[in-house]
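Q: Residue strings, one per chain:
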Amino acid sequence: MTVAIFVALVIGLLLLRVNVVLVLAVATAYVHLYFASGSELAFLAQDLWFAIDREVLLSIPMFMIAGAVMTRGTIAARLIRVMSALTAPIPGGLAIAAVLSCAVFAAISGSSIVTMLAVGSIMYPALIKEGYGRNFSLGLMCSAGTLGIIIPPSIPMILYGIMTETSITDLFIAGVVPGMLLTFLFCAYALAVNRMKTVRAWDLQEIASSVRHGIWALLMPIILLGGIYTGYYTPTEAAAVSLVYALIVELFIHREMKPREYITVVFETTKLLGTLLPLLAIAGSLNTILDYEGVPKAWAEMVSQVVTDPGAQLAGINILLLVVGCIMDIGSAILILAPLLMPMVHSIGLDPVHFGVVMIMNLEIGYLTPPVGINLFIAMVAFKESFGRIVVSVLPFIALMLFALVLVILIPEIALYAVQAMR
Amino acid sequence: MQKFLRGWQWLESAVAVVAFTLVAGALIVDVMGRELFALFNNIGMYDFAESWLGGVFGAQRFAVHATQIAGMLGFSIVVGTGGHLRPTVVDKLFPDHMDGLVNRVSDLISAGICAGLAWMCWDFMLSTKANHEISMVFQIEIWPFQLILAYVFASAAARYLCYVAMPSARPDTKGGDL
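Chains as they are written, first to last, in numbering that gives the first Met the number 0: chain A, 0 to 422; chain B, 0 to 177.
Keep in mind that the hints were calculated from the coordinates and are not lab data.
Where hints are given, some of them may not hold.
[To be verified] No farther apart than 30 angstroms at their CA atoms in a straight line, the calculated lysine-lysine pairs in the DSS-like style are these:
| no. | chain 1 | residue 1 | chain 2 | residue 2 |
| --- | --- | --- | --- | --- |
| 1 | B | Lys91 | A | Lys383 |
| 2 | B | Lys91 | A | Lys257 |
| 3 | A | Lys257 | A | Lys196 |
| 4 | A | Lys383 | A | Lys196 |
| 5 | A | Lys383 | A | Lys128 |
Whole structure, please, built from the sequences with the hints as guidance.
A: What follows is the structure, encoded as structure tokens:
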């Protein structure tokens, strides 16, 4: 009866358009009151406080604000110019330039939407003007945008690291090769589809000029990720450095951002953080009480009794994540599911860093699948195309992403080799 | 009432922007300070540099408290802009003519939940105050920082109640993502 009331309460609140964070708060309070032994409501407030009283959280607002600063300037345009100049002699060069620009921009920004908008708003009209297929161009921009969360720095990776107490640096290292694999697959597909397109010879003058204008943007991922990978600074410090670098480049070198715009940038970041931080705090409380009650462990034991084959368990987890990716945003999915799945991940013998990459790759596909495929909705507004057309356009790219996901699951070294080499 | 809500939003936003700037400033000073004093250390000024090599004292803790203020104020601000995450796909379950009623009920429930959270956080803050719990870094009582939790939930509850009383002031709830 208690469980039935709990489920009815959650569904009822969602149907009545109550925000996810408040529904989660009610669900957590209910768990404290009726499911947990020896718990009381006061623990919820205590958990909320402990969840937001941690240094590890500092990297999130810093990466958000640095990303917002860079999106306002012309860093994306400068990267696109370099990539377009370099890929001119390849059939489908502009499409490949779009993918590479997204990949490099992803190494600056930690967000999928920011990456898609920053590069797509320039590249999508350019692709159409150059005669690339409308569906192909749409699918390409929506999908390449998702590289933003697999290529580090990645805000979902930070969230996963916080919720499962996994090294964020290791996750950042592990995300590089899978991100490059996806980039390669997208480029190969772009080449295959556009193999008959006419090409231009390399223009050395244009290459030199574009590199000269884009050098500060190109240096950004090197400084940011190089510092983390060499252990010179922590992800939190890297986030602060990236903000300083972005401000110096935009305010004093490119001079395309006015000091007044800083307030708008910070306000937008505050809104993002205001969405995320309470969600993180309440999900943290829910996970604390569930962990205290031994729920994830009991659940893992129950599943392993029903499904004895570890391969089938892993397949089940992946199917669950793909389905969850379709109906939940990636932040909420990681905050709620990552700690719950951890005992099962351990029982299968999966490395938590490997699983982090697998989880994010699964949920990354959710950016492209209805009903909650956020890139689809953003693309609908940004590129002024119908929802149906966008859904169809991303299908070949989803197939490529699933292929990459299967490879990363079957060959853990794709994610873990670099981590083990650097340990 | 809309003017009042806008002013309120502006005030919270201003505090959040200042808090955010302090977070960035504290972290930057911490990293840059550490690098600068490492330089002093390398050129032989050991006594001067030694105590600063781990970074600027308390900078990260200060940044954590400023993030708590900026981030939690963000919760209330996002209520004002209608940006909190929610599955909009289920909106179609109610016919269009019922939108106004459903939104009002939603706001009333949200106000109740936020008020409950505010009361809980206030109670928690009082217990911390009674126990004289202190910040290990700054050696000051921690409860004034915890006030932000009770404040933002109370602020959000009041805002939702304003929307119940005056639905035209309600922002579009378009949702959002990372």
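Q: Mind checking the alpha carbons of Lys383(A) and Lys128(A) for me, to see if they're no more than 30 angstroms apart?
A: holds, 15 angstroms
Q: Are the Cα atoms of Lys257(A) and Lys196(A) separated by 30 angstroms or less?
A: Violated, because 41 angstroms separates the two Cα atoms, which is more than 30 angstroms.
Q: Below or equal to 30 angstroms on CA atoms is what counts here, so check Lys91(B) against Lys383(A).
A: holds, 23 angstroms
Q: If you draw a straight line from the CA of Lys383(A) to the CA of Lys196(A), is it 30 angstroms or shorter?
A: holds, 26 angstroms
Q: For the pair supplied as a hint, Lys91(B) and Lys257(A), is the alpha-carbon distance within the 30 angstroms limit?
A: violated, 43 angstroms
Going down the numbered hints, you'll see the structure goes against 2, 3, while the others check out.
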